[in-house]
Amino acid sequence: MQQFLESFLPAGPLVVFVFSIIPLMIILLYALFAIWLERKVAGHVQDRLGPMLTGGWHGWAQTIADLLKMIQKEDIVPAKADRFLFKMAPFIAFAASYRAFVAIPLSSGYIGSMIDVGVFYIVAITSLLSVSIIMAGWASNNKWSLLGAMRTAAQTVSYEVPTVVTILSVILVTGTLNLMEVTEIQTGNAFLGFLPNWIIFHSPFMVIAFVLFFIATLAEAHRVPFDLPESESELVGGYQTEYSGMRWGLFMLTEYADMLLLSLVGATLFFGGWNSPFGSFMDGPVWGAFWMLLKGMILVFLMMWLRWTLPRLRVDQLMNLCWKYLIPISFVNLVLIALWEMIF
Amino acid sequence: MVKALNDTYTAFKTIFVGMGVTMRHLFKKSVTVQYPVERDVLPERVRLKLHVNIDDCIGCRLCERACPVECIDIGTIKSTDDDDLGETSTGHKKKLWVDKFDIDMAKCCYCELCVHPCPTDCITMVEEYEYSAYDRNDLIFSFSDMTPEEIEAAQKKLELEEEEKRRKKEEARLAKQKKAEVKETGKEEETVKADGAGEKKAEAASGDAVADKEARRAAREARRAARKAEREAKKKSEE
Chain A
-3 MQQFLESFLP
7 AGPLVVFVFS
17 IIPLMIILLY
27 ALFAIWLERK
37 VAGHVQDRLG
47 PMLTGGWHGW
57 AQTIADLLKM
67 IQKEDIVPAK
77 ADRFLFKMAP
87 FIAFAASYRA
97 FVAIPLSSGY
107 IGSMIDVGVF
117 YIVAITSLLS
127 VSIIMAGWAS
137 NNKWSLLGAM
147 RTAAQTVSYE
157 VPTVVTILSV
167 ILVTGTLNLM
177 EVTEIQTGNA
187 FLGFLPNWII
197 FHSPFMVIAF
207 VLFFIATLAE
217 AHRVPFDLPE
227 SESELVGGYQ
237 TEYSGMRWGL
247 FMLTEYADML
257 LLSLVGATLF
267 FGGWNSPFGS
277 FMDGPVWGAF
287 WMLLKGMILV
297 FLMMWLRWTL
307 PRLRVDQLMN
317 LCWKYLIPIS
327 FVNLVLIALW
337 EMIF
Chain B
115 MVKALNDTYT
125 AFKTIFVGMG
135 VTMRHLFKKS
145 VTVQYPVERD
155 VLPERVRLKL
165 HVNIDDCIGC
175 RLCERACPVE
185 CIDIGTIKST
195 DDDDLGETST
205 GHKKKLWVDK
215 FDIDMAKCCY
225 CELCVHPCPT
235 DCITMVEEYE
245 YSAYDRNDLI
255 FSFSDMTPEE
265 IEAAQKKLEL
275 EEEEKRRKKE
285 EARLAKQKKA
295 EVKETGKEEE
305 TVKADGAGEK
315 KAEAASGDAV
325 ADKEARRAAR
335 EARRAARKAE
345 REAKKKSEE
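In order, the protein sequences belong to chains A and B. Sequential numbering of the first sequence, starting at -3, is according to this note's numbering. Sequential numbering of the second sequence, starting at 115, is according to this note's numbering.
Just so you know, these hints were derived from the structure itself, not from any lab. Just so it is clear, CB atoms sit at the ideal spot from N, CA and C, and this is done for glycine as well. Certain hints may be false.
[Said to hold, decoys possible] Think about it this way: if two alpha-carbon atoms lie no more than 16 Å apart in a straight line, the pair counts; the simulated EDC-like pairs of lysine to aspartate or glutamate are:
#1 B/143 - A/43
#2 B/271 - B/195
#3 B/209 - B/197
#4 A/320 - A/156
#5 B/142 - A/43
#6 B/270 - B/195
#7 B/271 - B/196
#8 A/320 - B/121
#9 B/221 - B/178
[As the list claims (entries may be wrong)] Examples of chain B residues lying across from chain A (beta carbon under 8 Å, computed):
#10 118
#11 122
#12 129
#13 132
#14 133
#15 136
#16 139
#17 140
#18 142
#19 144
#20 145
#21 146
#22 148
Using the sequences and the hints, build the whole thing.
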């Protein structure tokens, strides 16, 4: 990819710049689409239509209109807020999820950086997100914001454990942390003759691992039923309460970017990343990007579907679920997968 | 342990049931009516804006009287004898010019009480509900089709005719009076006599039922006669 860019761009910083903003472009376009999709899904699940007028066809331009409105809004900072932290928090939040895209192989021809600690890096860098949320909640000088931020801290710390343990069970099979290599291992169509060689089909315990991983990432992305940090119906808006205009928009963008990031990690770890589900058919760097994003979008849709199905958990239920169910099950599952690896 | 497994099973089962429900609704036809573009079919007996077919209005004011909030304001002018206002579509003869028929829809309580008394069915509720206005006075709907000039003309005509009628009446009355004056002198004495006789009779016949009745009748007659005399005396003094 870098060589390809260098063939028609002057070498040097420009190539690096173009190379590095590709995920940003994908995130921005995806966020426009995903917010529209979320509203459509919400509408149709509730037998409504969702946005219908803006842009003509089924309100496709609604998010663009909202974005334009948001940019024009006044940038309000509460008088008693910590101005510096308050203004920094949204950028750190978005930077945290954007930085994690470095280690994700978007296609066989594109990965931001071939670092060997890939997944570990992603897990580490997304923890910054909770730091930024605590920053936002504390700097707002608002009780609701602080409550939301405290919940986030508790939630993220708890749910990091099952996430890491389920990722670990995949790493047991692949033997590498580099997501590009993890994806390359899943290439081919060998398993049982017709199923793709994806890790989810590797053993029955992998299905359990994926379910655990998905639940944990839902909590990491602060999606319903784990959206306690925002919980707009009880905490006004959680850490977002005092934010307005584009700073709030950045938090929104972060939320959706986070959804995509965790879905892409899930797709890479369990569903073969950029591998085509039909073996070598429709394969290649461009198709790879298509498959990768399609798998990511399916998981994102699953998250939306769940959002409009389930009610929010209580704080104690949230902790209960994590410490009494997810963590023990994930540890037992890890041992079982290790045994499976030893036997077969 | 068993409880934990049971809970896990219940959790997954209920989540899948819920997801089934939402998935079903995702592809169900939505109930939204895209309002300005498409509209709901309104029920037959819906009560909405009032409309008056002024050609059929006979100016009877029944609707005005029926209105509990007094939002209907009707003004009428009698038509003159030489004017023919025609008939309504229900066959009623129109005798009044309706120079004013204002309905204040801001006051209207949509009770439909004005619609039913109308003898010619000219006031009705129509399926129109988009008439909001910035000024409350814009909600007063005038249904009369008469121009100010027409109203003035009708009024003038009526005044002229009334003047004419009054004059004729006066003449007739004067003529009558002349006739009456001739008899006047003889009559006066008679009434005074009757008066005295009645009073005497009433005093005498108290106790007896029949006599009582007769006495009362006589008293009544006497009073009437006295009143008549008084009236005539008054008239005389006026003149």
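Results of checking the hints against the structure:
no., hint, in the structure
1, B/143 - A/43, "holds (7 Å)"
2, B/271 - B/195, "holds (10 Å)"
3, B/209 - B/197, "holds (9 Å)"
4, A/320 - A/156, "holds (15 Å)"
5, B/142 - A/43, "holds (7 Å)"
6, B/270 - B/195, "holds (14 Å)"
7, B/271 - B/196, "holds (10 Å)"
8, A/320 - B/121, "holds (11 Å)"
9, B/221 - B/178, "holds (13 Å)"
10, 118, "holds (7 Å)"
11, 122, "holds (7 Å)"
12, 129, "holds (7 Å)"
13, 132, "holds (4 Å)"
14, 133, "holds (5 Å)"
15, 136, "holds (5 Å)"
16, 139, "holds (5 Å)"
17, 140, "holds (5 Å)"
18, 142, "holds (6 Å)"
19, 144, "holds (5 Å)"
20, 145, "holds (5 Å)"
21, 146, "holds (4 Å)"
22, 148, "holds (6 Å)"
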